[in-house]
Amino acid sequence: MANKNRSQTIIQTVEPVYKNNKSFWEIVKTNKVLLLMLLPAVIYVIIFSYIPMGGIIIAFKNYNYTDGIFKSPWVGLDNFKYLIISNKLWPLTRNTILYNLAFIFFGLICQVGIAILLSEINAKYFKQFSQSAILLPFFISWVVVSSIMLNIFGYENGVLNNILKSIGWKPVDIYGNADTWPVIMILLNLWKNTGYGSVIYLAAITNIDQQLYEAADIDGATIWQKISNITIPCLYPTMIIMVLLALGQIFRGDFGMFYQIVKNNQVLLSVADIIDTFVYRSLISSPDIGMSAAAGLYQSVMGFITVMLANYTVKKVQPDYSLF
Amino acid sequence: MGKVTYMPSSSKRKSRNSIDRIIFNTIAYAAITIFALACVTPFYLIIVGSFTDEGTIVREGYSFYIRNFSLEGYKLVLKNPTSILRAYGVTILVTGVGTFLAVMLTVMTGYVLSRKDFPWRNGFSFFFFFTTLFNGGLVPWYLLCSKILNFNDHIYGLILPTMFSVWNVIIAKNFIKSIPFEIVESAKIDGANDFSIFIKLIFPLSMPLIATLGLFTALNYWNDWYHCMLFIKDRNLYTLQYYLQDILNSADALKRVAEKTNLDIKMLPRESMKMAMTVIATGPIILLYPFLQKYFVKGLTIGAIKG
Numbered sequence: 001m002a003n004k005n006r007s008q009t010i011i012q013t014v015e016p017v018y019k020n021n022k023s024f025w026e027i028v029k030t031n032k033v034l035l036l037m038l039l040p041a042v043i044y045v046i047i048f049s050y051i052p053m054g055g056i057i058i059a060f061k062n063y064n065y066t067d068g069i070f071k072s073p074w075v076g077l078d079n080f081k082y083l084i085i086s087n088k089l090w091p092l093t094r095n096t097i098l099y100n101l102a103f104i105f106f107g108l109i110c111q112v113g114i115a116i117l118l119s120e121i122n123a124k125y126f127k128q129f130s131q132s133a134i135l136l137p138f139f140i141s142w143v144v145v146s147s148i149m150l151n152i153f154g155y156e157n158g159v160l161n162n163i164l165k166s167i168g169w170k171p172v173d174i175y176g177n178a179d180t181w182p183v184i185m186i187l188l189n190l191w192k193n194t195g196y197g198s199v200i201y202l203a204a205i206t207n208i209d210q211q212l213y214e215a216a217d218i219d220g221a222t223i224w225q226k227i228s229n230i231t232i233p234c235l236y237p238t239m240i241i242m243v244l245l246a247l248g249q250i251f252r253g254d255f256g257m258f259y260q261i262v263k264n265n266q267v268l269l270s271v272a273d274i275i276d277t278f279v280y281r282s283l284i285s286s287p288d289i290g291m292s293a294a295a296g297l298y299q300s301v302m303g304f305i306t307v308m309l310a311n312y313t314v315k316k317v318q319p320d321y322s323l324f
Numbered sequence: 001m002g003k004v005t006y007m008p009s010s011s012k013r014k015s016r017n018s019i020d021r022i023i024f025n026t027i028a029y030a031a032i033t034i035f036a037l038a039c040v041t042p043f044y045l046i047i048v049g050s051f052t053d054e055g056t057i058v059r060e061g062y063s064f065y066i067r068n069f070s071l072e073g074y075k076l077v078l079k080n081p082t083s084i085l086r087a088y089g090v091t092i093l094v095t096g097v098g099t100f101l102a103v104m105l106t107v108m109t110g111y112v113l114s115r116k117d118f119p120w121r122n123g124f125s126f127f128f129f130f131t132t133l134f135n136g137g138l139v140p141w142y143l144l145c146s147k148i149l150n151f152n153d154h155i156y157g158l159i160l161p162t163m164f165s166v167w168n169v170i171i172a173k174n175f176i177k178s179i180p181f182e183i184v185e186s187a188k189i190d191g192a193n194d195f196s197i198f199i200k201l202i203f204p205l206s207m208p209l210i211a212t213l214g215l216f217t218a219l220n221y222w223n224d225w226y227h228c229m230l231f232i233k234d235r236n237l238y239t240l241q242y243y244l245q246d247i248l249n250s251a252d253a254l255k256r257v258a259e260k261t262n263l264d265i266k267m268l269p270r271e272s273m274k275m276a277m278t279v280i281a282t283g284p285i286i287l288l289y290p291f292l293q294k295y296f297v298k299g300l301t302i303g304a305i306k307g
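If you read the protein sequences in the order shown, they are chains U and D.
For the first sequence, counting from 1, position 55 maps to 55 in our numbering; every step adds exactly one.
For the second sequence, counting from 1, position 147 maps to 147 in our numbering; every step adds exactly one.
If you're looking for bench data, these hints aren't it; they were derived computationally from the structure.
Treat the hints with caution; some may be incorrect.
Claimed, not checked - Simulated coverage check for chain D against chain U, where a stretch passes if three residues somewhere in it have a Cβ under 8 angstroms from a Cβ of chain U:
(1) 34-48
(2) 190-196
To be verified - For the chain U half of the interface with chain D, some residues (derived, Cβ under 10 angstroms), not all of them:
(3) PHE48
(4) ILE69
(5) ALA123
(6) LYS165
(7) ILE284
(8) VAL307
We put the beta carbon where it would ideally sit given N, CA and C, even for glycine.
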């Protein structure tokens, strides 16, 4: 008992508790330099995040440039009604969510798979080179990817059709056929982001206690048994957190990808239009600004709800990793 | 006796294990090789395309090897190099200035929020963090930047929007927290003020953090076409990526190239020029990549999950 008390006093002397029963102005005075250092970021966030939050009133107005934000007439929920009646909201939501779910699901499999395979490879240079290669697509912009798509999948000149023609098959018109696009988008997403994700899982694998593997070796476990009974279970916490965080962002689409790859191809828009691209396209065609703001607000609110749900779940599963 | 019966089964098990290992290694090397090739080949194809004669591309399409070597594409892009050099200049300027400001701002903010003796740190942390949970959406933000702050055709329209990210502040805060707080305390006893503690003590100790944040931010600036698309109409202020997008997508851009180089638009080696432009826009990243990659991998693990 005495021992416990002593250790408590030691902790208290080592980590002084900073009490703040000072008045407001005293705190400002003692921390004026720190507050000044915080000022630029505070101003930035007020201007670029908090003031636009007030701008959500545009969603309830018939915005036009001449009247501006405050003088444009109120229209209540008309913008939202129009979004629903014109049957836009549901396909956009469906596309955004389904694509994101597919990206999360297949992304998880590929990232964990590649990380496990890489971790078991002993050839140093092969490992280095292949890791560099896999991470390379992460470094380029979607504009460059769109150029690559043109090179490979272009109808007239693309490498793919070139090969198909040379073996006597019929060329495929990928840009004119909406059915294959979900698959193409998923493959593109995997191509670009697998490297990034696998680095995170690879780091988690190197943190696994080596003694577990040594013990398994003594017991004569096969490589498959070691992977399925040690590596994968040890990765569960990381996987759960990564998936939950991604689920929290499920209403946010990858604007760069969908905008640059699909562009304004009307054939593809039915299967490859997401909330983000819709908001942008309605924004630049000025009569639709109110509707664009309404779709944006809908996305923000749904995003807020999903993040809160995801965080609540993380807190239940693994309180250390929760966002707040 | 028990030992004798045990030994054969053990060696059998070992041989089974080594067979499993061989099977596993075959799968692992094959899968990794295929995926790595799939990641690199498109870049190779772009380079091949950029060196192929235009007539060959139009007649036979892009292919896996250079059939009729030609520098036409590059010649055309470089024939009137002012616009591409300007795009390079704008991109380098934006990347340099933007990265410097962003890293200073991020590390400074992260430092204040990491100070245990700053009583309002939790309040301010939430003030920043809330913006990642909820936002006003694109429209109000765009109208503010474009109509009120007048980002249109100004270089700060390319610098400011990417300058501050709350996630980076959180990474910075967590990193600086790991620096022993006694350093700050003893410096305060010696009479140093909080800003000089930051500049003279915290900043030098945060070099791994700064390298990581700098790399991420610089990459974002270099690859940015979005803010250029939103705010910039003046061709003299196009960033490299947006310039590339313009060449890839608009017939207008091709027309302008034709006018500048006094070529008939039908005679333009469009396809090889597009590929050459892609190579020129991606070149610096690919060249720097081998040197930057290891810092990048380290950096991903600094901030990745800790969030």
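So, going through the hints one by one against the coordinates:
no. : hint    : result
1   : 34-48   : holds (count 10)
2   : 190-196 : holds (count 3)
3   : PHE48   : holds, 7 angstroms
4   : ILE69   : holds, 7 angstroms
5   : ALA123  : holds, 8 angstroms
6   : LYS165  : holds, 8 angstroms
7   : ILE284  : holds, 9 angstroms
8   : VAL307  : holds, 5 angstroms
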